[in-house]
Amino acid sequence: MTTLTHTKPAKKIWATWLHRPTKDYVHPYTGGLLLGLVLFAAFFFTGNGLGASGGLNRYIVFIEDLIAPQHVDRTPYLLKMAGGSKDPLDDWVVFAVAGAMIGGFTSGWLNGRLKIETNKGPNISVRQRWFLAFLGGAIMGYGARMARGCTSGLALSGGAVLSVGAWAFMFSVFGGAYMLAYFVRKEWL
Amino acid sequence: MNFPLASLQTTSAANPWSYLVFLVIGFAFGYVLEISGFGNSKKLAAQFYFTDLTVLKVMFGAIITAMVLLFTMIGLGVLDYSQVYVNTTYLWPMIVGGLIMGVGFIVGGFCPGTSLVGMVTGKVDALFFVLGVLAGIFAFGETEIYFDYWWQNSGYLGRFTLMDWLNLPNGIVVTLVVLMALFMFFGAELLEKYVGKRDLAKEPKLRFAGAAALIAVALSVIFIDSPSTEQKYTQLAPVKDTALAKREVQIVPAELFHTMYDNKLQLVILDIRSEADYNLFHLRGARNVQPKEVKSIVPELLANAAPNKVVVLMSNDEATATAAWKTLVAEAIPNVYILEGGVNNWLAFFGKEDRTITPIKATVSESLQYKFTSALGDRYLASAPSLIEYETLKYEPKIKLQFKRDKSGGGCG
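Taken in order, these protein sequences are the chains called P and C. Position 111, counted from 1, in the first sequence is what this note's numbering calls 109; the numbers after and before it change by one each time, with no gaps. Position 130, counted from 1, in the second sequence is what this note's numbering calls 290; the numbers after and before it change by one each time, with no gaps.
Isolated chain P, as found in the complex (with noise of 0.2 angstroms):
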């Protein structure tokens, strides 16, 4: 009964805790089913949907409002959500986004998937792996306030209430995606 005398008691608490046994991920099918249903039950219960990229402004105009209000106070974008004594956070699609951290992680956690890792092609290095991550979150961050939305709050969200734009910019992202798949193929194949 005394095999493991030299694993310290805490650190293999620890290890178990937050090593759990890999599962695989649902079927997408299943997957898709589960999202309309979540998306349904926003939808029917607070008339919005889900949301993402709104959230992330919110907190990003939080910060600039702390370090530079009067900066905020003159620009309409952002007067809009911070302006005054407006309290950016104060708005149903922040606390989506921190429910969404919060599930996201304990999905991971339950089904041994939180890894420290990079997920790359093999033809790239993880420096430009992570470089590019970052330039492609960049252009997907002004794009997205650009249509004023992203995947999740537009094309998921209007797409399933049939807006006309939602479904405009769906195929947009879409058809973006796939012609320029090509010219960067190395990044991930």
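Treat the hints as calculated values from the structure; they're not laboratory data. Accuracy of the hints is not assured; some may be wrong.
Taking CB as the label site, the calculated pair distances span [stated by the list, open to error]:
#: 1; chain 1: P; residue 1: Ser123; chain 2: C; residue 2: Met340; range: 39 to 47 angstroms
#: 2; chain 1: P; residue 1: Phe169; chain 2: C; residue 2: Leu366; range: 27 to 35 angstroms
#: 3; chain 1: P; residue 1: Phe181; chain 2: C; residue 2: Met340; range: 48 to 56 angstroms
#: 4; chain 1: P; residue 1: Phe181; chain 2: C; residue 2: Phe343; range: 53 to 61 angstroms
#: 5; chain 1: P; residue 1: Phe169; chain 2: C; residue 2: Glu363; range: 24 to 32 angstroms
The beta carbon of each residue, even a glycine, is placed where N, CA and C say it ideally should be.
Go by the hints and put chain C onto chain P.
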């Protein structure tokens, strides 16, 4: 129609539970994204190389599942579609923004929602992506002013649904979208088989039953009647009838007159009277709509909606205009008002000095109480009274712009 719940329109300190509700919704969202594998950028990018089309299946699967459930509830009259947020269509910014996002997606390997899930599960590339998103959002905030006019106006179609665009009822559109999605799934499975070398025999057979179920529910939406205008008004009646009784939506001629010259508002004047009466006299800029045709202009009004648009209805007295008001209000047109006392009242005030307009006694309600020497239409002085002559008029203003649901901060916007 009790749903959606008005108390959950957004978070508010008046409703502390609202914060928890959105946290829980978000939790479920993040959880489902993670179990679908969307914390992993390689899996997300594979969509664009045809080896693993999980993104398409999850996205469109979610959309059609939510859509058929929502429209079933709407058809049954349980869910009020007018209170469901439908992303405002700004066509060109959405297309251009979408193309830009497509580029960001394939370069960065994530979208904002999935990058958060990736970040909290330890993916370092997701962390860099999130930082990038914050930087990109910041950059947008700083540069938006340079193309503000385009961003605010280009391709603005308001709350514009596929039903409005195609002029088809809910059930048909829902069914067409389901069929399109299923067709895409079929194509996706073929691509995964031939490009991704996937063995389709290992896919769950249950998916065919699922597809059939979706089609069945979509078809049923066609047969559940969408609530009629009368039914929709009945749901709103307690509030709206009170407003009518309290005279909150009837504006005096003086207020309509001032509104005609108010540059901050877009005014739509609808004259709900017979063509004959309209031809005799009408206000400058008023459009004649027959009482029976009021419902038919609803799609046009919805498509051309603007936050500062005000619709004023008039008939000879108030009865016909009020009936038209109920129709427009039931169909969720915002900012609709009635001219108090109708055209008769307008002429009593603004037509006093005109010798060619003589008052007559009317015995039937909703008939013109004036006689005109000729049918000048809107060429009377009273059609567009002089601003100088009537500059100062006292009245209690009733027009208040309604900012419900098409709010600029709505959804992810």
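Which of the numbered hints are not met once you compare them with the structure shown? Checked against the structure, the hints that fail are numbers 3, 4, while the rest are satisfied.
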